[in-house]
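So the sequences go chain by chain: A and B.
Using my numbering, count along the first sequence one by one with no gaps and you end on 484.
Using my numbering, count along the second sequence one by one with no gaps and you end on 487.
Hint data in this document are derived by calculation from the structure and do not stem from the laboratory.
Hints should not be assumed to be uniformly reliable.
[As the list claims (entries may be wrong)] Capping the alpha-carbon separation at 30 Å, the derived lysine-lysine pairs in DSS-like fashion look like this:
1) LYS11/A with LYS109/B
2) LYS450/B with LYS99/A
3) LYS452/B with LYS441/B
4) LYS287/A with LYS153/A
5) LYS14/A with LYS450/B
6) LYS163/B with LYS11/A
7) LYS43/B with LYS99/A
8) LYS163/B with LYS109/B
9) LYS93/A with LYS441/B
10) LYS201/A with LYS109/B
11) LYS359/A with LYS435/A
12) LYS441/B with LYS11/A
13) LYS441/B with LYS46/B
14) LYS99/A with LYS410/B
15) LYS410/B with LYS11/A
16) LYS40/A with LYS435/A
17) LYS452/B with LYS99/A
18) LYS40/A with LYS93/A
19) LYS481/A with LYS315/A
20) LYS361/B with LYS172/B
21) LYS153/A with LYS441/B
22) LYS358/B with LYS450/B
23) LYS153/A with LYS99/A
24) LYS315/A with LYS53/A
25) LYS14/A with LYS441/B
[To be verified] Okay, the calculated beta carbon distance ranges per label pair:
26) LEU467/B with LYS435/A: 34 to 42 Å
27) ASN281/B with THR25/A: 55 to 63 Å
28) THR222/A with LYS361/B: 46 to 54 Å
29) LEU466/A with LEU467/B: 24 to 32 Å
30) LEU467/B with SER144/A: 48 to 56 Å
31) ASN17/B with GLY180/A: 47 to 55 Å
Glycine included, every Cβ here is placed at the ideal spot set by N, Cα and C.
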Amino acid sequence: MDILSLFVVVPVLTILVLVFTKGLKQARIVSMVGSTIQLGMAINLVFAYFKERAINKEIMVFTKDYVWFEHFNIHYALGVDGISVALLLLTAIVVLAGVFISWKTADLPKEFFISLLVLATGVYGFFISIDLFTMFVFYEIAVIPMYLLIGIWGSGPKEYSAMKLTLMLMGASAVLLVGILGIYFNSNADGGALTFNILEIAQVNIPFEAQKLFFPLTFIGFAVLGALFPFHTWSPDGHASAPTAVSMLHAGVLMKLGGYGVFRVAMFLLPAGALHWDWFFIILAATGVIYGAFGALKQTDLKYINAYSSVSHLGMVLFALLMLNKTAWNGALMQSLSHGFMTALFFALIGMIYGRTHTRDITKLGGLLKVIPFISVIYVIAGLASLGLPGFSGFVAEMNIFVGAFQNEGMFYRVATIVSVSAIVVTAVYILRVVGIMLMGQVKNKEYLELQDATWYETTGILLLLIPIVGMGVAPLWLSDMLLESIQPFIKGVL
Amino acid sequence: MNFSNFLLMRHEILLLAITLLLLVGEIFIRKSKKSSLVHLAIFLFGIHTAVGFFQIEESSIFGGSFQTNNLIHFFKNVLNIGVLILLLQSADWIQEKIVNQDRGTEFFILLFTSLLGMYFMISSGDFLMFYIGLELSTLPIAALAAFETTKRISSESGIKLILSAALASGVSLFGISLLYATSGSIFFNDIIEVIASTNLTILGFILFFAGLSFKISLVPFHFWTADVYEGAPISVASYLSVISKGAAVFILMILMFTIFKPLIHVWENVVYVIALATMFIGNLFALRQQNMKRFLAFSSIAQAGFILLGLITGTQLGTATIVYFVMIYIFSNLAAFGVVQAISLKTGKENMDDYNGLYRTNPGLSLIMMLALFSLAGIPPVAGFFGKFFLFTAAASKGYYLLVFLAVVNVTISLYYYLLVIRAMFIRKNDDPIPFFKNKLYMRMGLIITVVGILVLGLYSPLYDYIYELSGIYN
């Protein structure tokens, strides 16, 4: 069994074992063991990747190719590069953290963990595939469990949020389908055979008219998942109604599929289309950055604040991707990773606070630093990372994004960059506002004096997420080099 | 014409023999052991299905009236499997309700005779055989729709079906007669040679197409569908939605890709508009349905709209994707109808609200329903996704990107109403949920076969490759 297929096989095996478990205790132990094994595999992959890179200069390594539907030239084709490896590691960490945070799921625990792992399988499969059809299959497998996860285990207007999220995301993937078919039927433009393989299609000069038509479809298809304004409306309600681990996985990992898809498919395969349409989507992305930041400023519900914050940060990812240069792309990918850890950490902390105080309304909370110091301090750290304090991952990412974006000459790009940079200030405001109101000051409710600080499983989840944030902030170069090396062939394609 | 030629009609002869055996056999079954009639019927039909898999050669008899080739043979086998699953699912209902009234044999005879008509319809080599098959398949179904004589709604559905079917057949026949007028022959092979795009031919085609579209429930010939499905017994509704529709789609596809191929510039646009209308109307009406049978009726109408995306191509890819999709659709829809039937038989409840909280009491049935609905909606990794994806690929291969875009919009709309059922079963709570019940052996077998089909047929790619090879016949 090759090293990459294991990423799909191990979660599926975990699910099969889960089917036979009875009760919460068995379910969570099995899920934890399975997720730990996956984390081990992801870390192993990083080292194996570096070893392989030293000798293999292909764009994708560890490639495997099995013919699936011969007449359509659909293959079960796998391959990774530095970017995929980094994102696989992100997924493994967030999934394991999510399992720990869900340690006390009471209602239908077996089904919860199974749905969570189906989502994880879809995400892993998406990152390792290099055939458009296979990518699409895994993409939809990753999205569909969200309906049950939010609908059964969520809170608040969960039915409404679940339905809105599922329909908007599946609608986007439907639009993506048209884009993929358009790419497929133009993949023989140089006289070869029709193919779904990304690497082969990248060699073909798809005619400009086709690129112009299919780039928006493909971009929107992926970018809706990356919270592109104005298709981001599924995100605040979806995240707020979802249970903690689901929000962590969704905002932390699933939404990264959007940015990755934009990069891997829309821009790699349709570069002329990207150059033609970039101004339009830059406007939307920049609007999303500002809109998300101001939206977070107004909210009083912790989860909504974090959801709008995610819209803003992911808007930055799309913004940077659209700048079409090396530094900006490096920044976009680092932002994807950094934001993944950060938002997962935020949602985990919010879940812990909610579990103790039974409210997410910051006006009702206060003085938590005195009562639950560990959770509060970690919240402050996460907040500082989110607003881009040097020493944490957020700074490295955002600096790369804005330096790269500003490199583009032309009044339009520079103005857009300045507009987006101003969101940093708004971010600082809404983060510090929450820290001030919720963590500092007087304890508002006498009952809170009795609250317990983090349990062992919560601490483990927190640390799993905190270490990469600090690590990326303090020692980013190994990661940055790995990403830059893999961005290089893609840049050549665009230019 | 010698004996070996008759063996080309193996399916038909065997089915006729089974029907007659059942007719006569009832006399020999003792009063006390009446249920053995059902066992006998399922056993005989199982043998018939198994024997059907032996290879057949490509030839024609009766002077070209009856023709077989590998694709037609494959499709007959698919229909057989569908009817077998249907029998397994209906066995408990027949035993409890029908055999008691001494009407068991009638049910089987009518069902098998209708299937026999379909065999003749899809193996036809001229319009006379086609029409005989069409009528032979329709009339028994109308009787079956009215089978529950104690319920008014059943008689209503029977009347609606027979009157509209008679009108549709008449219109079709008129179209056929015009085609005969312009081409001078009723044999398909002769018509192919002389057909030209004259006004009278096009008129004949339109009338013929309209009559056949009735059977497929295309808009605007779909008005009978919801009422008939709601009134008829669930087995009959399943049969109509899956077998009857599948056979009609198949023969329509064959005729349009062979004798009407020269008229493609005429019917391309017709199919385009009807595809859009069918998908949208089917989906929009399904949104509001509360009765599970009407719900599945409108869902079937929308699925037929998707099939037209393959029909618009006129190529080998179109043929292959249509046959593949119909095969998967048979399994998905029978799974959904099977669950509805199991619940209806046990509790008499057919409303979506009664399904609230079903997962907590009957997890197995809920999961089967979820798989069936995901397959109908086109969610990977179940088979329905592959069927839909390949249909869209076929349409895109001819450049119909706007049509594919509107089709995927419809997929999203359809996902909404399929999720409504899942919401009821998994998310909603119920103070008085349907209590846990165990299904008997036949129903369980019927459901398990459909689940295996849904899970395997999509992922197992050699099957699609095989169908694609067979589809080369018509190009």
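Against the structure, the hints come out as follows:
Under the criterion of a C-alpha separation no larger than 30 Å, the hint pairing LYS11/A with LYS109/B is inconsistent with the structure, at around 39 Å. For the suggested pair LYS450/B and LYS99/A, the alpha carbons sit about 22 Å apart, so the restraint of at most 30 Å is met. The suggested pairing of LYS452/B with LYS441/B holds, with an alpha-carbon distance near 27 Å, which does not exceed 30 Å. Taking the CA atoms of LYS287/A and LYS153/A, the gap is about 22 Å. The hint holds against a cut of 30 Å.
Our distance criterion of 30 Å between C-alpha atoms is met by LYS14/A and LYS450/B, whose separation comes to about 29 Å. As the CA atoms of LYS163/B and LYS11/A are separated by approximately 45 Å, the hinted pair breaks the 30 Å bound. For the suggested pair LYS43/B and LYS99/A, the alpha carbons sit about 50 Å apart, so the restraint of at most 30 Å is broken. A C-alpha spacing of about 13 Å is found between LYS163/B and LYS109/B, which places the hinted pair at or below 30 Å, so the restraint holds.
A threshold of 30 Å between alpha carbons decides the hint, and for LYS93/A with LYS441/B the separation of about 22 Å falls inside it, so the pair holds. In summary, the hint linking LYS201/A to LYS109/B is not supported, as the alpha carbons are separated by about 62 Å, beyond the 30 Å threshold. Restraint check for LYS359/A and LYS435/A: the C-alpha separation of about 12 Å stays at or below 30 Å, so the hint holds. At most 30 Å may separate the alpha-carbon atoms for a hinted pair to count; LYS441/B and LYS11/A meet this at roughly 22 Å.
At roughly 41 Å between alpha-carbon atoms, LYS441/B and LYS46/B are farther apart than 30 Å, so this suggested pair is violated. Between LYS99/A and LYS410/B, the direct Cα distance comes to roughly 46 Å. Violation of the 30 Å bound is thereby established for this hinted pair. A C-alpha spacing of about 52 Å is found between LYS410/B and LYS11/A, which places the hinted pair above 30 Å, so the restraint is violated. Restraint check for LYS40/A and LYS435/A: not satisfied, since their Cα atoms lie roughly 57 Å apart, outside the 30 Å limit.
A C-alpha spacing of about 27 Å is found between LYS452/B and LYS99/A, which places the hinted pair at or below 30 Å, so the restraint holds. Between LYS40/A and LYS93/A the CA atoms are separated by roughly 40 Å; this puts the pair beyond 30 Å, and the hint is violated. A threshold of 30 Å between alpha carbons decides the hint, and for LYS481/A with LYS315/A the separation of about 10 Å falls inside it, so the pair holds. Restraint check for LYS361/B and LYS172/B: satisfied, since their Cα atoms lie roughly 24 Å apart, inside the 30 Å limit.
Proposed proximity of LYS153/A and LYS441/B is supported: the alpha carbons are some 20 Å apart, at most 30 Å. A distance of roughly 10 Å separates the Cα atoms of LYS358/B and LYS450/B; the hinted pair therefore holds under the 30 Å criterion. Between LYS153/A and LYS99/A, the direct Cα distance comes to roughly 25 Å. Compliance with the 30 Å bound is thereby established for this hinted pair. For a cut-off of 30 Å, the pair hint linking LYS315/A to LYS53/A stands: about 28 Å separates their Cα positions.
Using a Cα cut-off of 30 Å, the hinted pair LYS14/A and LYS441/B holds, with the two alpha carbons roughly 25 Å apart. With their beta carbons about 56 Å apart, LEU467/B and LYS435/A fall outside the hinted range of 34 to 42 Å. For the hinted restraint 55 to 63 Å between ASN281/B and THR25/A, the CB-CB distance of approximately 59 Å keeps it satisfied. A beta carbon spacing of about 37 Å between THR222/A and LYS361/B contradicts the range 46 to 54 Å that was offered as a hint.
As the Cβ distance of LEU466/A to LEU467/B is approximately 47 Å, the hint placing it in 24 to 32 Å is violated. For LEU467/B paired with SER144/A, a C-beta distance near 33 Å fails the hint of 48 to 56 Å. Range check, ASN17/B to GLY180/A: Cβ separation about 49 Å, and the 47 to 55 Å hint holds.
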